[in-house]
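Undergrad: Work out the full structure, taking the sequences as your base and the hints as a guide.
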Amino acid sequence: MAMTVLKVALYILLAPILGGLMEGLDRVVSARMQGRQGPPLLQPFYDVYKLLAKQTTVVNSIQILFVIAYLIFTIFTGSLFFGGGDMLLVFFALSMSEVMMVLAAYSTNGPYSALGANRELLQMMCYEPMILLVAIGFYEVSGSFMVNDLIKVDSPAVFKIPGMLIGFLFILTIKFRKSPFDMSTSHHAHQEMVKGLTSDISGNNLAFYEIAEWYDQVLMMGIVAMFFICKNPVSIIVAIVACVIFYLMETLIDNVFPRVKYMAMLISSWVVILVAAGTNLLILSVLD
Amino acid sequence: MFLVKKASLLRNLIAVVGGFSIMATAIMVGIRVLSMKGVTHNTYLTNTEAIDHVIMGGEILLMCIVFFLSIKYKKYYAILLSLIGTVPVLWMDLSGNAVEGFAHLRVDFLSAVMILIVGIVGILICIYACGYMKDYHHHHTEVADRSNYFLALLFVFVGAMFGLIVSDNLGWIYFFWEITSVCSFLLIGYTRTEEAVNNSFRALWMNLLGGCGFGFALMVANMHFGIANLSQLTSIVPRQNMFVMVPVTLMAFAALTKSAQFPFSRWLLGAMVAPTPSSALLHSATMVKIGVYMLIRLSPMLKGTFTGVMITVIGGFTFFAASLLAITVSDGKKVLAYSTISNLGLITACAGTGTTEGVWAATMLILFHAVSKSLLFQTVGDIENCMHSRDVEDMHGLIIKLPKLAFIMIIGICGMFMAPFGMLVSKWAALKSFVDSNSVWLVLFLVFGSGSTLFYWAKWLGKICTVIHQSYELEDITPRSEMISLVPLTSMIVVMCFAFPWMSDHMIQPVLNEAYHKNIPNVIGGSDVVIMMIMVAMIFIIPIGSRFLAIGKKSKMTMSYVAGVNAGDDRHYIDSFGKERPLYMSNWYMTDYFGEDKLLAPSIVISAIIVIVMLIIVVGGAF
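Chains as they are written, first to last, in numbering that gives the first Met the number 0: chain A, 0 to 287; chain B, 0 to 622.
Do not take every clue at face value.
As the list claims (entries may be wrong) - Straight-line distance between alpha carbons at most 30 Å, and here's what the computed BS3-like set of lysine-lysine pairs gives:
hint, chain 1, residue 1, chain 2, residue 2
1, B, 403, B, 302
2, A, 260, A, 194
3, B, 597, A, 260
4, A, 49, A, 260
5, A, 194, A, 53
6, A, 53, B, 578
7, A, 194, B, 578
8, B, 73, B, 333
9, A, 194, A, 6
10, A, 159, A, 260
11, A, 230, A, 49
12, B, 133, B, 71
13, B, 133, B, 555
14, A, 49, B, 74
15, B, 74, B, 597
16, A, 159, B, 578
17, B, 597, B, 333
18, B, 333, A, 260
19, B, 555, A, 194
20, A, 151, A, 230
21, B, 74, B, 333
None of these hints come from the bench; they were simulated from the model.
TA: In structure tokens:
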């Protein structure tokens, strides 16, 4: 019990720092890929610090409620995961927090926000199946949905469910809103609909959103790490290396591919999920 | 018993008082049965020759009603189906081939749960109908006011439901089964417009077809096995006697038609033309629940059989296809209809697996779905009365226009798909049961279906939550009698969120123990329940907390961003000619990809093939 509390506390304290650093790294590496100097590594922290100091303008009074709910539920989701909870519950809580963000955008009645909200919902529709399948894949490996049981397996999950990892990495691009799937809002300045989802969010609210994104990124990389962790302690190092590689791969993809149309995203993601993860599941069920 | 009602005030009074007394009785019976530990046999009426004659007369009467109306509207195929279904059963009864059963009524735990659902949700809908019909005829002057007849039908319907749930004799179940078919037919055709008549006949023929299946199952059970009771039929072990799967499959087929699974979904969609209370009744508490109730009864027999596999495939497919179709429609009632079909698909699939988790999830889903869906239907009906539209797009900014109804609606929608609420808990159990029973296709249907379910609910929720500037509250003309129904339903959803571990222990576990004749370990429990409770608490604490802490109160208000060309508010902008233009963002419907004209026909064809294959292999294989 004390161990769980410690883990959750560590997550709540360290995740924003780690998440901010990851984003800073992403920006530096992106800049180098594009042959420019780029911002310092700590730039995301400067940004959020400045946002927190600015006056908040809102378009209605319930907007802030939804953004705060988004932040709290994201933290809750991550705590559930790093506290060793039930994977399915983690994912249900995750989709709840996402819906909160979409509602924040909807509530503004702004055209760019509304468009962003619709696109974000579509993005959720794309990655939701895969996220549930990942939980099922872990269940097939360890016979339990509990994260605590999964880290005690004999050999890493990736040997048994490589297809799930492929599918998950694919939807990770959608989840992180990286190009070619940066539809609802983009890290880049060249989004065709201003800032989409976050167009009408400013000041404190935008800072909360950014912090929630950091928590979310750490959670997602935690799930990637789960594919590699087993009871052998060396596996933790392997997992960290894998996370770094896959995170940099996302940066590369972000810089290489242009944005696609939404139907291309839906079809490609569902096909990849069906082929990679579905086949994986089918083979596992035949082997059993 | 409610046929004589003339003066409208008196009528409402009778309906409310009568309704509540029925509800009180139902709750009493339900609780008494549920509080009996271990005792599962409450059988009544062993000797019933006189009542049997009454029922036979009733069957002939039903046939006559169908005859009369079919001739009146020149739809002769209904007569044929009615004949095929009823005459052989009558012949069997009259020629003495029918077997005398032991007990005709049997109230067990599953019956008790269903009695609670029908007693509470069904009766609340009837009470709601009293106020609603007055407004309805106020707006729809072209429809002849036959609301007395309408209310009487509603009560007959609920009565038939009670009959069906507590009957154990297959002949009796068949009789009540046919009453509900004919009642729904009469309710759908209430307005007598051409569309209503066509839709009502579609509902009739599909349900009569199911009735035929049930009738034949009844005959096989009586004449081949010498069994007259459902409980006896379900105690046969399929592995010892494969022929028993013939009546079981036929009954499952009948259940599919009643529960509006593909390919029989279109009657439920057509049922929307009727006034809202009847759609609420058909969709949530009664009609469609009979089918899944039957499947849950049969569920232990379906485990690991070919029929079970086919039923789960149809259910899973329906869940997925209907949720895609729900994305493409903007008529509020139609979204609800597709979502009903989709959820029933999930229940069917759960029951078809025949595992304990499957039955647990199915029963839980029935409970939560009945409450949430009837609430949503009634709210949409009220919104329609206030705004003269039930289109989701017109609900833009409902939270400003009709805050009270919008709030109720948000709770209803959250109850259908959001994380800590009941439906998702059941979905979680369903997923577990599918994984455990190793059915990969079902898992895939479920995960993809969840994605699209999320999409259509969340975009509706978003429309409601939009805050529009300079928009004013509309007059909320919802009468008090409707609030009598809405408020308890809303509070029930909230209470059920907190009470579901208790419900699982005291309502669902006994059902499982009874169906599988042994003690089943807890399906859900331990730390998960605690976490879910935390989530539910958070949902309620965050809005309340922010109100008291005054978060964001000091923020500066501005207009939403329209690239700097706002024209005074956030609903108009100034175009390049300097003219002011209105601005409106619609939701996505993606009709080009998942439209009804694209998906509906293929889905029906695919599922029809599955059903026909199932019938041919099981029934044909037995001979």
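Undergrad: Under the constraints set out in the numbered hints, which ones does this structure not fulfil?
TA: 1, 4, 6, 9, 10, 11, 13, 14 and 16
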